[in-house]
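Chemist: Next come the chains, spelled out residue by residue.
There are 2 protein chains.
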Amino acid sequence: MNDKQVKDITGRDVDFGKWYTDVCMKADLIDYSSVKGSMIIRPYGYAIWENMQAILDKMFKATGHENVMMPMFIPESLLNVEKEHVEGFAPEVAWVTHGGKEELDERMCVRPTSEVLFCEHYAKIIKSYRDLPKLYNQWCTIVRWEKETRPFLRSREILWQEGHTMHATSEEAKAETLKMLGVYEDFQRNYLALPVIVGKKTEKEKFAGAIETYTLEAMMYNGVALQNGTSHYFGNHFAKAFNIQFLNKDNILETPYQTSWGVTTRMIGAIIMTHGDDRGLVLPPNIAPTKVIIIPIGNDNEVENIANTISSNLSNVNISNKVDNRDKTPGFRFAEAEVKGYPIRIEIGRRDLENNEVTLVRRDTLEKILVKIDEVTNKVEELISTIQKDMYDRALKRRDSMIYTANNYEEMMKIANTKNGFIKVNWCGNMECEDKIKEDMGIKSRCLIDDEEVDGPCVCCGKKATTKIYFGKQY
Amino acid sequence: MNDKQVKDITGRDVDFGKWYTDVCMKADLIDYSSVKGSMIIRPYGYAIWENMQAILDKMFKATGHENVMMPMFIPESLLNVEKEHVEGFAPEVAWVTHGGKEELDERMCVRPTSEVLFCEHYAKIIKSYRDLPKLYNQWCTIVRWEKETRPFLRSREILWQEGHTMHATSEEAKAETLKMLGVYEDFQRNYLALPVIVGKKTEKEKFAGAIETYTLEAMMYNGVALQNGTSHYFGNHFAKAFNIQFLNKDNILETPYQTSWGVTTRMIGAIIMTHGDDRGLVLPPNIAPTKVIIIPIGNDNEVENIANTISSNLSNVNISNKVDNRDKTPGFRFAEAEVKGYPIRIEIGRRDLENNEVTLVRRDTLEKILVKIDEVTNKVEELISTIQKDMYDRALKRRDSMIYTANNYEEMMKIANTKNGFIKVNWCGNMECEDKIKEDMGIKSRCLIDDEEVDGPCVCCGKKATTKIYFGKQY
Chain A
122 MNDKQVKDIT
132 GRDVDFGKWY
142 TDVCMKADLI
152 DYSSVKGSMI
162 IRPYGYAIWE
172 NMQAILDKMF
182 KATGHENVMM
192 PMFIPESLLN
202 VEKEHVEGFA
212 PEVAWVTHGG
222 KEELDERMCV
232 RPTSEVLFCE
242 HYAKIIKSYR
252 DLPKLYNQWC
262 TIVRWEKETR
272 PFLRSREILW
282 QEGHTMHATS
292 EEAKAETLKM
302 LGVYEDFQRN
312 YLALPVIVGK
322 KTEKEKFAGA
332 IETYTLEAMM
342 YNGVALQNGT
352 SHYFGNHFAK
362 AFNIQFLNKD
372 NILETPYQTS
382 WGVTTRMIGA
392 IIMTHGDDRG
402 LVLPPNIAPT
412 KVIIIPIGND
422 NEVENIANTI
432 SSNLSNVNIS
442 NKVDNRDKTP
452 GFRFAEAEVK
462 GYPIRIEIGR
472 RDLENNEVTL
482 VRRDTLEKIL
492 VKIDEVTNKV
502 EELISTIQKD
512 MYDRALKRRD
522 SMIYTANNYE
532 EMMKIANTKN
542 GFIKVNWCGN
552 MECEDKIKED
562 MGIKSRCLID
572 DEEVDGPCVC
582 CGKKATTKIY
592 FGKQY
Chain B
122 MNDKQVKDIT
132 GRDVDFGKWY
142 TDVCMKADLI
152 DYSSVKGSMI
162 IRPYGYAIWE
172 NMQAILDKMF
182 KATGHENVMM
192 PMFIPESLLN
202 VEKEHVEGFA
212 PEVAWVTHGG
222 KEELDERMCV
232 RPTSEVLFCE
242 HYAKIIKSYR
252 DLPKLYNQWC
262 TIVRWEKETR
272 PFLRSREILW
282 QEGHTMHATS
292 EEAKAETLKM
302 LGVYEDFQRN
312 YLALPVIVGK
322 KTEKEKFAGA
332 IETYTLEAMM
342 YNGVALQNGT
352 SHYFGNHFAK
362 AFNIQFLNKD
372 NILETPYQTS
382 WGVTTRMIGA
392 IIMTHGDDRG
402 LVLPPNIAPT
412 KVIIIPIGND
422 NEVENIANTI
432 SSNLSNVNIS
442 NKVDNRDKTP
452 GFRFAEAEVK
462 GYPIRIEIGR
472 RDLENNEVTL
482 VRRDTLEKIL
492 VKIDEVTNKV
502 EELISTIQKD
512 MYDRALKRRD
522 SMIYTANNYE
532 EMMKIANTKN
542 GFIKVNWCGN
552 MECEDKIKED
562 MGIKSRCLID
572 DEEVDGPCVC
582 CGKKATTKIY
592 FGKQY
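Respectively, the protein sequence lines represent chains A and B.
Sequential numbering from 122 applies to the first sequence in our numbering.
Sequential numbering from 122 applies to the second sequence in our numbering.
Source of the hints: derived by calculation from the structure; they are not laboratory data.
Be aware that one or more of the hints could be misleading.
A pair counts as met if it fits within one copy or between any two copies, since identical chains are not told apart.
As the list claims (entries may be wrong) - Straight-line alpha carbon distances no greater than 25 Å define the calculated SDA-like cross-link-like pairs of lysine to any residue that follow:
#1 268 / 226
#2 449 / 481
#3 179 / 440
#4 361 / 267
#5 295 / 197
#6 443 / 188
#7 559 / 168
Computed from a predicted model, the values in this text were never measured in an experiment.
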């Protein structure tokens with residue numbers, strides 16, 4: 122790879138879709154195989170997922186959750202227990218019909234999500250109020266038979282985590298739903314530098330079988346929304362369908378209340394499409410598998426030694442880094458470092474050494490900074506915070522510049538026809554208006570806005586509005 | 122659970138199979154569901170797997186391996202590329218034939234192992250000697266459609282890791298095969314306290330498609346062998362079948378050489394059946410999710426405070442521990458601690474406190490030790506090493522007491538008919554003799570013995586022996 126090849130990445134403003142795929146491929150995040158609709162996650166892409174998993178897993182455990190592993194198959198009769206749920210998922214599952222040469226008595230799908238498996242288990246292990254809450258999570262692969270797929274965003278196989286919890290009261294279950302939404306928001310803002318908007322989904326857009334669905338809506342560079350995680354409150358109707366009951370303190374049988382919540386490798390897609398640029402990936406330092414790439418220039422022992430010393434010093438303060446001393450031109454190595462989005466690049470050449478200096482390059486701004494060798498570690502530590510903060514702030518600024526307010530249907534239509542972004546409107550809460558907007562403008566509701574007062578009639582029917590809401594195009 | 126319920130575990134010497142299932146269930150390691158042939162791994166069982174995964178993953182990365190994620194499906198035509206391989210696996214795979222309502226053009230199996238997926242990918246990404254070696258691993262679930270299943274040992278779904286590597290020369294690939302065998306051996310001896318025998322499999326017993334298969338053979342309490350991990354050398358015939366080629370330093374096309382290696386949750390079964398006793402699970406401290414369980418006795422603030430102080434002190438030196446102060450009788454809590462196999466139990470009662478002492482109980486020997494409160498942390502640290510070593514030594518002693526030597530066919534038959542264990546014999550290397558022994562005695566070859574000289578003719582045909590070999594019953 123050289124500078125020319127970096128320039129072979131399709132321009133972000135030329136064809137955003139093609140730019141995205143180019144970055145996924147050229148940064149060695151994914152590859153394709155003969156398995157249609159699935160992707161190979163390559164070591165560099167998987168290392169990002171491993172970081173996400175490690176951080177989130179710690180957050181889940183700190184909030185009292187335990188990991189389990191449910192079967193990956195669901196017998197058809199089990200999927201059928203909860204009516205709304207099966208209607209939502211049956212059209213998009215993969216069916217196993219044969220084991221070896223024998224046809225199965227009952228076909229099974231590969232789990233598209235595991236509510237029914239958890240419920241069946243909970244019915245066996247929950248007997249008393251002492252058994253509650255049950256706070257389980259699993260890290261696994263699910264399958265949804267999508268027709269059109271796109272790396273990380275929409276794939277037939279999805280790496281994710283799914284939390285499934287049971288509580289004695291609906292208040293506790295609602296609190297859990299919001300707590301985990303908060304964990305996701307914290308993670309996405311502070312590690313992924315994503316200024317997500319969180320809020321409740323409409324009845325139309327909620328999860329199949331849920332009472333309430335909360336979402337994290339990220340906005341991509343092109344103004345298109347990406348639903349980047351959800352947290353659901355189920356009430357107790359799954360529990361009723363599965364006959365889950367517990368004896369309360371007064372020895373009376375009650376039905377518990379349920380939640381589920383999940384995030385996927387889609388978060389990698391959100392990072393790419395929020396922070397990436399024409400030169401490739403730009404990783405937020407707090408999630409980058411390698412925060413610093415050190416590139417010694419020229420075949421020079423002293424330069425190599427300094428590179429290795431800087432590397433050890435960074436490792437000593439737990440800053441992940443790599444020395445790239447491959448037998449390739451500096452241009453090639455710089456270009457590859459840019460495509461792969463390492464947050465900081467350190468260039469070390471003979472000339473700089475004479476001044477006892479090296480060059481630090483910020484990936485997010487491409488700014489070059491000369492730093493004395495013995496100040497490198499301190500400067501890198503400082504830059505990591507600065508870059509993380511700046512990336513968030515830039516994404517926030519861009520997001521806010523693409524939030525539009527429409528006061529009437531005509532205005533809304535005009536915005537929808539000419540711009541991507543989120544359109545904020547007053548809404549009566551009626552699904553017919555939501556449907557009409559989708560039909561007329563090709564945009565869907567993102568989430569309800571709960572911290573702003575209604576200031577006008579419904580943008581669609583003109584009747585009394587009950588809430589403000591965002592609409593927008595989505596992936 | 123109380124002492125009586127612990128005694129409800131079937132005696133280990135009464136019915137070993139039932140004892141095993143009782144321990145899996147009563148220690149809350151697994152549960153069953155309506156998904157036949159699969160198990161639910163419950164939080165306590167999954168925590169053991171998470172420890173195994175964390176330790177092994179570190180060992181893999183320290184030896185230069187990177188994690189990836191391949192698709193979980195294999196199109197039938199891809200599985201068919203390597204003939205021996207497909208013949209070995211096709212009879213036991215689960216076939217996906219439908220996506221949603223539509224029948225697939227080509228059916229796909231859920232991966233039973235991923236050689237063909239890695240090979241297809243390697244064919245795309247390996248071009249030059251500079252791309253070698255490729256040292257990839259993945260942690261995932263595989264599916265093999267077993268007729269008879271048993272928790273952890275044989276299941277339709279298996280949690281495992283599979284390493285797949287490519288090398289420029291056969292020497293390097295052979296060295297990798299042995300290196301990873303060594304990593305497994307180190308892990309199983311030093312963390313799981315399993316005195317495994319390692320060696321090469323016969324032609325008959327090797328992995329479908331491999332040139333050489335090395336195995337780790339653990340011996341269970343009842344003398345039955347458990348194949349507890351394998352490492353395979355493939356030569357380059359998969360690479361040829363998949364047309365994987367690289368330009369060597371002289372710019373000439375060559376075919377690379379391949380390995381694969383894997384271990385599974387079966388290792389949890391090996392721990393149970395090697396170390397467990399009539400009171401339940403006994404976990405080696407180096408793999409136990411909770412090394413110390415602290416049980417305060419009586420409703421007594423001072424006792425509770427001491428319990429919490431001891432817990433913090435242990436946490437400060439990174440010894441995982443839990444205080445069990447549930448509103449249950451001491452008898453119940455002691456019994457549960459025994460069933461779950463926590464390596465060390467600390468009992469704290471009012472009477473001991475007056476002497477400034479607490480009681481430590483070793484799970485492996487049930488020995489009780491009075492310890493001054495301010496010496497608890499030191500004593501626990503010491504006991505952890507002692508227990509780990511003693512568990513290994515006891516398992517080794519038992520294993521060695523069940524290795525028998527047979528000098529002729531009659532002796533071998535007599536041992537096979539009356540005893541479980543490994544039978545060491547001289548063998549000509551001919552598969553007909555191996556088949557005859559299996560037919561006559563119901564035992565299979567375990568592995569070749571490479572550190573002992575042949576000292577007689579083949580135990581079966583009486584012709585010149587070429588090697589010593591172990592035979593035995595297996596799970």
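Chemist: It remains to establish, for every hint, whether it holds in the given structure.
Modeler: Quick rundown of the hints versus the structure:
1. 268 / 226: between (28 Å within a copy, 14 Å between copies)
2. 449 / 481: This pair counts as within: shortest intra-copy Cα distance 20 Å, inter-copy 61 Å.
3. 179 / 440: Answer is both: 19 Å inside a copy and 18 Å across each meet the 25 Å cutoff.
4. 361 / 267: neither (31 Å within a copy, 34 Å between copies)
5. 295 / 197: Intra 30 Å, inter 46 Å, cutoff 25 Å: neither.
6. 443 / 188: between (33 Å within a copy, 17 Å between copies)
7. 559 / 168: neither (38 Å within a copy, 46 Å between copies)
Comparing the model with each earlier hint shows violations of hints 4, 5 and 7; every other hint is respected.
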